[in-house]
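S.K.: Residue numbers (the working numbering), protein chains in the order written: chain C, 1 to 799; chain W, 1001 to 1341.
Don't read these hints as lab results, they were simulated from the structure. For glycine and all other residues, C-beta sits at the position ideal for the given N, C-alpha and C. Possibly wrong hints are sitting among the right ones.
As the list claims (entries may be wrong) - Covered by chain C, per the in silico footprint, the following chain W stretches (three or more residues, Cβ under 8 Å):
| hint | segment |
| --- | --- |
| 1 | 1025 to 1038 |
| 2 | 1057 to 1066 |
| 3 | 1154 to 1162 |
| 4 | 1168 to 1177 |
Said to hold, decoys possible - Heads up, simulated EDC-like pairs for lysine to aspartate or glutamate below, C-alpha to C-alpha not over 16 Å straight-line:
| hint | chain 1 | residue 1 | chain 2 | residue 2 |
| --- | --- | --- | --- | --- |
| 5 | C | 104 | C | 58 |
| 6 | C | 107 | C | 132 |
| 7 | C | 623 | C | 663 |
| 8 | C | 31 | W | 1278 |
| 9 | C | 729 | C | 790 |
| 10 | W | 1299 | C | 76 |
| 11 | C | 31 | W | 1255 |
| 12 | C | 788 | C | 728 |
| 13 | W | 1034 | W | 1024 |
Here is what each chain is made of, one letter per residue.
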Amino acid sequence: MIVSVSWLRQYVDIGVDVTALAHDLSMHGIKVERVVTRGVTERLVVIGHVLERRAHPDAQRLSVCRVNVGGAEPLEIVCGAPNVAAGQTVPVALVGARLPGDLKIRKSKIRGVTSNGMICSTVELGLGQDSEGIMVLDTDAAPGTPLADVLGNSDALLELEITPNRPDQLSHLGVAREIAALYGSAVREPDAAVNASADDDTPVRVSIEDPAQCFRFVARVIRGVRVGPSPAWLRSAVESVGLRSINNIVDVTNYVMLECGQPMHAYDLALLRAPEMGVRPARGGEKLETLDGVARELGPDQLIITAGDDPVGIAGVIGGMATRVTETTTDLLLETAAFDPREVRRTRRSLNVSTDASYRFERGSDRDRCRRASDRACELMLQVAGGSAGRVLDEYPAPWPARTVTVRRATVRRLLGEAIPTERIGTLLARLSFERVGGDRDSVTVSVPSWRWDIAQEADLVEEVARLHGYENIGRAWKFRTTVPSQPDPFDRFVDRVADHLVARGHTEIVPTSFSDGRESQWFDWAPDDRRAQPIAVRNPLSANHTFMRTQLLRGVLDVMAHNLAHGRRDLAVFATGAVFLRAGAENSLPEEPVHLVIARTRPDGNAFWRASPEPVDLFEIKAEVESLLGTHRPGLFAELVYDFESTRGSFRYSDRRHVVVEGGVLPAAAADALDIDQPLWYAVVDLSALFEARVASVTFRPFTVFPSSRRDLSLVAPAGVAWGQIEKHVAKVGGRLLESLQVFDVYQGAALGTDRIAYGVRLSFRSAEGTLKDAEIDAIVARMVAKLDAELGVALRS
Amino acid sequence: MDARAIETHLRGEIENARTSDELEAVRLRYLGRKGLITAYLHGIKDADPAERPRIGAEANRLKTLCESLLDERAASLGGGQANPLYRAPADGTLPATPGLAGRRHIISQTYRRIRDVLEGMGYRLSRGPEVELEYYNFQALNFPDEHPSRDLQDTFYISREILLRTHTSPIQVRYMEGHAPPLKIYAPGRVYRNEAIDASHQAEFHQVEGLYIDTDVSMADLRGDVLMFFRELFGPDTNVRFKPHFFPFTEPSVDVDVTCFSCGGAGCSLCGQSGWIEIMGAGMVHPNVLRAVNIDPEKYSGFAFGVGVDRIAMVRHGIPDIRLFLENDIRFLEQFQEPSS
């Protein structure tokens, strides 16, 4: 909210400058987000007389002026405005002047001509929104006089952040109360003296259907007004804080709202079916065109104002178009009411509209002071629009429940860590209009003013004491009694180590979005009952890209890779960790959020390098990454590798008995097309939560043997259709504990073997913990291996 | 060959020898049994007797010179002993075999710093779901239904009761439900706000929350811990100041400013000339929040604070646009080398 400092000064004395005021307010009450000075405060902007204007020798649109600014010599100034002419009185920003927008005026050469300042437009001075050219003044002031002295009315505006608990601060009086509390001074409330004419016999009636929805309704008649433009003071007051001036009547309602926070609405009495005002929920089928020109269908979700049972306004939100005050209005009915904030909020949300009135009402208004606000508005209306005050009907079925709250000195000390004497507690609260009505040496009981309905319990008063006392006056303490030695969270550290491992192997961590547009379900062959194919939808997404919660990390990673490829980074090795969201159980239960890891790599074909170029990324490279990770963090656990040979997409899985722990493959063609990725990309998705579950609790040392190992190289010929993984399984099983390692050093396929056969060069290494193995023992094992391979797979020794 | 010619060749060949092997060959060529210097000395017997002393002296000089040049060159070749495990490259200044330098994301790096500081201060990690019940995100944190305080945090809804958490504070409630005081936890995680995305607003960002509940925990303790936290994080010259604010789940509530990193408090464009940067929300846990988890606010009190990881990274590293974090452009990510300390 914006408040004007000069307006505030009507209600409270401010003994400090605006900068200090802004600082003090921020430190003790209301955060000042910005201070804007209005009008001209820069004293280096002065009155100048244009003595001569001639064309710029080198630029069509520019002219060169000689301007008398009160010095001994006129200044030569280059000007771009079409309307500048000799004989004009103009504002001139001298060298060194600072103008709004952080513009600093310097001596400068413009197309070869030196300019010693700037002739200003209203825009450049921050005085207007648009301009045809320079500002031409009508003043007798001598050249060189600061413009600020000529214009007078400069002001400072404070842009305040008013938190939702403090609707009382949404007005100048409210802010003035804070300032008064801050400096211990007094607030001057404007008098509201109205002489209501007793002989008005307008049959005004007010009927409130439910006092829980409408606490109070003051209806007032004012007759014989002349609606027209507002006087300058009123117009400039409402415009100063950013409102539009409409006419004198509407401007008064806005002025009073800005003054004391009470929204109000004036109806054209002649246009009401009857002056019988009502407050009730709308009935289905009722319609109302509101002041914003929207014809609205109403229903029981909306609380409305009626006149003779016709809808004439949306309660606390916006008035009706048909009954608004216009130039032809002579008699008014002024509504000043208080509603249940929740009703106003519900109503305005269902209509998807927000107004200055609803903003205040849904935070809470001061129902005790409705009548006072109505009186004040009436007084001002009579002043600016003439007419006479008529009947007033004040229906107040739900009065403000007077409230007292007690704060104990001990509680202040316990919550603030600062001993503040009871007396001072009482004094500080009194400055905020909390009247002390009881208490003893150790406590203060206060009555809560009607505008402070945010104060409900002791802690609320502790805050009031704390902020006026000043947080900077509270000491600092450290309680180490509850401090325990740091015990890192095992899973957090696990994820951290995995990430560091991948970084050390050259991967860059990325942080992808949690959202998805769901397109990935078209790229992968997910069965309909696969939870990844059933993403959780966001009800109110920000955009199509935010439609679903991710069911896999890969999608976001792919988008990031596509982005980087498009920006010329062709060689990418990345990883990401994070939760994915999988449906669990019933519709209304929270999803499972396992933490996943994605590793992904891509590299252009034929990367230019002076030695042998790296191969494009392939299955064996991504397997190396997976096994490096599993080997580091869970050696030998997920030996079971399933590779999908038949599919065109290439995919693999590592699983233990219960979970698929790693799943990976090449980027599917559909995804590559959609993302414009034109080089091989391989990925692996690791279920980190599952991997963590399978972690080793502790490791016990196993002695290693001192006996030498023996090596055997075999050449095995396998028929088509037998995969190495099958051979390996049998070899490992027969070799048992004595088989220390097994390596494939060659894979050969060629004419010499005949078609459809593959030869593997295999190196076996045997070692025993009990003693040196004899050749005969090893030969026997190898013979059993060969026999087994022949029997099971038709694999033979190459002869 | 006369002595001058031998010396010229000798110097050239030693200079050109690139390996110990080559140097050895040079030695043999000059000092070996059939070497040039040896041959020169042997020439003495065919020489004029008057010339003989000069030839002998020259031969000795050449021999000494050759040995010293060989030693010198051997030393410069390193060791002088032949290295069978080394094959000299044609040109060692050619570029290295390509490899990628990995990086942690700046968000992870920043989180890690925060985590390490908080763990050092005795806070223990606690976490909670990102898709959260409305109850934990709002109701239990003293956000009344149909109250404008809910507008402070524009919310993504999954259903009436389920939403994307708008802050890490629901973790406080979940933890307090399951644990009795004293409690001292930190709670990191991703949070969501349904806000139009621009340079300073992102629909997804990261927070870390701290919570400490015990008997007699006060605002002074909060001031102490927050000061210690930021001094550990930003350096010993950092100061903090508290300003009144409002959060539904704390009372009193404060905004915490820290000394501007850029100007050290003198005032600059980063801090809007104030010398301070707004960086944290904090306060004393609201009695209503304690009551909702059956902790007696007459017996226990405590504080909570929360910081934005993204915000800290932005002000710390001069990152102008929050969208850069999720965009993950390598040109952005690779700039943030992890500091050694």
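S.K.: Using C-beta distances, would you say chain C covers the segment 1057 to 1066 of chain W, given that this needs three or more residues below 8 Å?
M.R.: violated (count 0)
S.K.: Take a quick look at whether residue 104/C and residue 58/C sit within 16 Å of each other, Cα to Cα.
M.R.: Violated, at roughly 25 Å.
S.K.: Report holds or violated for chain C covering the segment 1168 to 1177 of chain W, Cβ cut-off 8 Å, minimum 3 residues.
M.R.: Contact hint for the segment 1168 to 1177 of chain W vs chain C: violated, 0 residues under 8 Å.
S.K.: For the pair supplied as a hint, residue 788/C and residue 728/C, is the alpha-carbon distance within the 16 Å limit?
M.R.: Roughly 12 Å separates the two Cα atoms, so the pair holds.
S.K.: Can you confirm whether the C-alpha distance between residue 623/C and residue 663/C stays at or below 16 Å?
M.R.: Between residue 623/C and residue 663/C the Cα gap is close to 11 Å, so the pair holds against 16 Å.
S.K.: Given the hinted pair residue 1034/W and residue 1024/W, is their alpha-carbon gap at most 16 Å?
M.R.: holds (14 Å)
S.K.: Would you check chain C against the segment 1154 to 1162 of chain W, counting CB to CB pairs closer than 8 Å, and say if three or more residues qualify?
M.R.: holds (count 6)
S.K.: Would the hint linking residue 1299/W and residue 76/C be met if the CA-CA limit is 16 Å?
M.R.: violated (77 Å)
S.K.: Three residues minimum, CB to CB under 8 Å: does the segment 1025 to 1038 of chain W make the cut for coverage by chain C? Let me know.
M.R.: Our answer is that it is violated, as 0 residues pass the Cβ test (under 8 Å) against chain C, missing three.
S.K.: For the pair we were handed, residue 31/C and residue 1278/W, check the Cα-Cα distance against 16 Å.
M.R.: holds (11 Å)
S.K.: Tell me if the straight-line CA distance from residue 107/C to residue 132/C falls inside 16 Å.
M.R.: violated (25 Å)
S.K.: Given the hinted pair residue 31/C and residue 1255/W, is their alpha-carbon gap at most 16 Å?
M.R.: holds (10 Å)
Taken one by one, the earlier hints fail for this structure at numbers 1, 2, 4, 5, 6, 10, listed in ascending order.
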